[in-house]
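Here are the chains, one letter per residue:
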Amino acid sequence: MTDRLEGWEKVTGAARYAYEYPLENVAYLAAVQATVARGEILAVDAEAALGMPGVLAVLSGGNAPRLAPVDDGELAVLQSRRVAYRGQFVAAVIAETPETAAEAARHVRVEYAPEAADVLLRADHEGLYAPEKVNGGFPADTESGDPDAAFAASAVRVDATYTTPAEHNNPMEPHTTVALWEDDGTLVLYDSNQGPSAVQSTLAEVFGLEPAQVRVISEHVGGGFGSKGTPRPNVVLAAMAARVTGRPVKFAVPRRQMWATTGYRTPTIQRVRLGAGLDGRLDAVIHEVVAQTSAVREFAEQAAVPARMMYRAANRRTRHRIVRLDVPSPSWMRAPGETPGMFALESAMDELAVLTGVDPVELRVRNDAPEDPESGLPFSSRNLVACLREGAARFGWDARDPRPGVRREGRTLLGTGVAAATYPASTRPGEAVARAEPDGTFTVRVAAADIGTGARTALAVIAADALKTDLGKVRMEIGDSRLPRAVVAGGSAGTSSWGTAVVRACEALLVRLNGEIPPEGVEARASTADEVRSRQKYARHAFGAHFAEVAVDLDTGEVRVPRMLGVFAAGRIINPKAARSQFVGGMTMGIGMALLEESIMDEAFGDHVNRDLAQYHVPTCADIRKIDAVWVPEADPHLNPMGAKGIGEIGIVGAAAAIANAVHHATGARFRDLPITPARVLAEL
Amino acid sequence: MIPASFDYVRPESVDEALEALTDAGEDAKIIAGGQSLMPLLRMRLAMPDTLIDLDRLDSLRDVRDDGDAIVIGALATHHRVLRDPLVRAHAPLLVRATAKVADPAVRHRGTFGGALAHADPASDLPAVAVALDAELLARSARGERRIPAADFFVDWMTSALEPDELLTGIRVPKPGEGWGVHYEKFHRTAQAWAIVGVACAVRRDDGRVGDARVALTNMGPVPVRCRAVEEALAGGAAIRDAAELAAEGTEPPSDLDGSAEYRTHLAAVLTARALAAAAAV
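If you read the protein sequences in the order shown, they are chains P and X. Each residue of the first sequence is one higher than the last, beginning at 67 in this note's numbering. Each residue of the second sequence is one higher than the last, beginning at 4 in this note's numbering.
Heads up, a few of these hints could be off.
As the list claims (entries may be wrong) - A short list of chain P residues far from chain X (calculated; beta carbon distances all over 10 Å): (1) LEU71; (2) GLY117; (3) PRO164; (4) ALA168; (5) TYR178; (6) GLU271; (7) ASP536; (8) ARG601; (9) ASP621; (10) THR622; (11) ILE666; (12) VAL675; (13) ALA680; (14) GLY734.
Claimed, not checked - Label pairs and their computed distance ranges (CB to CB): (15) ARG474(P) to ASP68(X): 43 to 51 Å; (16) ASP10(X) to ALA179(P): 38 to 46 Å; (17) GLU29(X) to ALA114(P): 47 to 55 Å; (18) GLU29(X) to VAL675(P): 53 to 61 Å; (19) ALA114(P) to MET160(X): 40 to 48 Å; (20) ALA179(P) to ARG45(X): 28 to 36 Å; (21) GLY213(X) to MET67(P): 43 to 51 Å; (22) ASP244(X) to ARG223(P): 47 to 55 Å; (23) ALA231(X) to ARG474(P): 39 to 47 Å; (24) GLY28(X) to ASP111(P): 54 to 62 Å.
Calculated from the structure, these hints are not laboratory results. Cβ atoms here follow ideal geometry from the backbone N, Cα and C, with glycine treated the same way.
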């Protein structure tokens, strides 16, 4: 139970976030967004803006520096006359003050030749195609056995379509960059991101620099939830503006501009077919996903990937189809793939439980997979059943009456639901340096990112363990691209990847230490590339089970969650205090997904209409009642030296399904489209 | 999220404030706690030429006894309203509703007068003022007038205040004995605006609800007094039957949080709940 090492700095405001670095001679940027969803920019009239006192420059396609093309077309900022989506950055004003920049941005007149835009995802869209790979590098389609025949021949069949809306990450700290070019041509970025090494290499590519010529500093980051895992256009724009003006430039993306420019979770349309025997044992699993991407960046949400490893079935098919629409580019949002995919799969499992009369916990236990069903690989550890059993015991599941719609207290219907969770346990290569200082303390360096997860603290705990010393003697240095190269805080692979490098560096240091430490200290570096690459092949995944109780108001249709429990099997938990926060935070975000979150597309204008936190609802602390997360002991020797699996994402996976399943248990009505709003519920009561 | 530039005036007295208002003309905005205005300024939905900050006008923060009424200074914060013994004694409905305004941080800065002058039909307190037959005290260089709450809210975000007028206080009649009160608020998350809200005060008479005052939040461009419900109750109707009339004469909006039809439904449901809670039956 270790407190956050930087907790004091954060609550007192001393911790420095990207926007807060005090620099001399700073200029401020305000971006101009496209007001059409598709078309050509004919002219940019900056005269009025340039005439305003304090305006230093107006950047647009005509005068912006040329950039090297990179895979992510979002980073080709101001490089084309094409408008790919409404809200795309088409110009930027740099001025002496943020007020002036914002005001001048309103006076930049952009003339367009608009074209008819296509912004609505449909399951029968003619533009749907199979991407070469889906996010995570997985194949778009897999098939084994004869799923259609097996499904047709099954005694019990579920065939249902589930939809999830566009959802926005909305970290508290917006995407923020302070860019400056030093005299020697080095680009320095104080930037809010999930991995300084990744920003460094991408920005070097974009600006035609050597990686060593880009320095990225991100000591404290106020959340990301995936949206800061890849550099977004704001970084490029700030760097361009700093080059053009010769001044340090600050740019914090306003909340309302984040909806279009910093990523979101694609809406999905998912058809799930489950074929089973009367005993609920699965014979066919078919999961087919339709999602969207943009005209400038291909992002294929891997929503059917968990169906490949979750349950045993001899006949299976998964399929992903995406369509390029005239919409902002979707990207990573907490457990991309698993989050929408497991809503569909775990809702379908609940439907199967109802049809077969098999208890939903027992149904999942019965279909537990002894090895990875598609690859045949053994699981490094798989404790889904333990999570289900432990959760059932703690939640009081055994006393549950399975009949839907029969528990009534006054004008409230009560119900409970369960859903499983899973998330890959990845470890990626990286480096770290450990130093013994002459004063008996240690410094450990790795370009990790603490985006609010407690990564800095977890790594210090790992280092202290490896060094066999007290936590107080370890100083962690993270959040700087000059530190040993590290993967992004993403894919729940941070602690596992960085921690492995930290342990190896600490071990190497201990070997070198004998007796007195010289004044210059002793240092050891480790790279885990070989170790990670040469690992034995296993299917490595974390598992979990969510149990939710809901209260449904018969008169208003409102759904509340008075009680929720998550039980997880995620290897060794490094810091129980922060881990619990990660799990509970994920579950809370799952409550938001189930009941509240939805970015609504305006078909006429091609824009999300509810672009602020007054209209895009997320649960607040006051909305959350009894919520708890626990974990089962799990010793897995096939992961990494810590025996740890990532825990940042699994908390949201399956959470929405548990709530939707509980709503069905309460009301007898099945909600296959998220979010489950009061008006939608009322219509079914 | 940075406001457009404006002139800033911080008067030291009410007279100075009135002078500043007269000088600034129609494009001035008054700022009190700033909890509604600041977001509008930051999103540049409001771009006044002059901002007149009332922060120094401590004389408008107090609550005083005025015989058959209490007078709440326009600058009394929600937090102050919640704790004030006079308000607690004589305007319990206001206390109930104020406790549901936004969150503690907002309640520490936001003011009763500001919430009314802002005239947002989705905010909680205008309906309370209407239900309580409050009078709003408006001063200008031309003098002072009392505006009945029912006449104060003219249209969406529009009050009856003239450009040179300042809301200085709210006069809330003392209700007398035997009243029960309730504010029922339906919202998606704890700090969100009401989709529909119901403010009500009822007087029990031989175990029945006789006198009732009911007003609705966010069922139209202005808070709505539910005369039909009140009359039905006065005529002896049961709560559930009377509440069915709640949406009569309203023009509920349709937005992302609820259609007009859903709001109409909610108005009846929530009115029945509010009346039952107030009557404690």
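Checked hints:
no. : hint                               : verdict
1   : LEU71                              : holds, 27 Å
2   : GLY117                             : holds, 16 Å
3   : PRO164                             : violated, 5 Å
4   : ALA168                             : violated, 5 Å
5   : TYR178                             : holds, 22 Å
6   : GLU271                             : holds, 31 Å
7   : ASP536                             : holds, 39 Å
8   : ARG601                             : holds, 44 Å
9   : ASP621                             : violated, 4 Å
10  : THR622                             : violated, 6 Å
11  : ILE666                             : violated, 6 Å
12  : VAL675                             : violated, 7 Å
13  : ALA680                             : violated, 7 Å
14  : GLY734                             : holds, 21 Å
15  : ARG474(P) to ASP68(X): 43 to 51 Å  : holds, 48 Å
16  : ASP10(X) to ALA179(P): 38 to 46 Å  : holds, 41 Å
17  : GLU29(X) to ALA114(P): 47 to 55 Å  : violated, 25 Å
18  : GLU29(X) to VAL675(P): 53 to 61 Å  : violated, 31 Å
19  : ALA114(P) to MET160(X): 40 to 48 Å : violated, 30 Å
20  : ALA179(P) to ARG45(X): 28 to 36 Å  : holds, 33 Å
21  : GLY213(X) to MET67(P): 43 to 51 Å  : violated, 59 Å
22  : ASP244(X) to ARG223(P): 47 to 55 Å : holds, 48 Å
23  : ALA231(X) to ARG474(P): 39 to 47 Å : violated, 31 Å
24  : GLY28(X) to ASP111(P): 54 to 62 Å  : violated, 32 Å
The structure fails to meet hints 3, 4, 9, 10, 11, 12, 13, 17, 18, 19, 21, 23, 24 from the earlier list, while all remaining hints are met.
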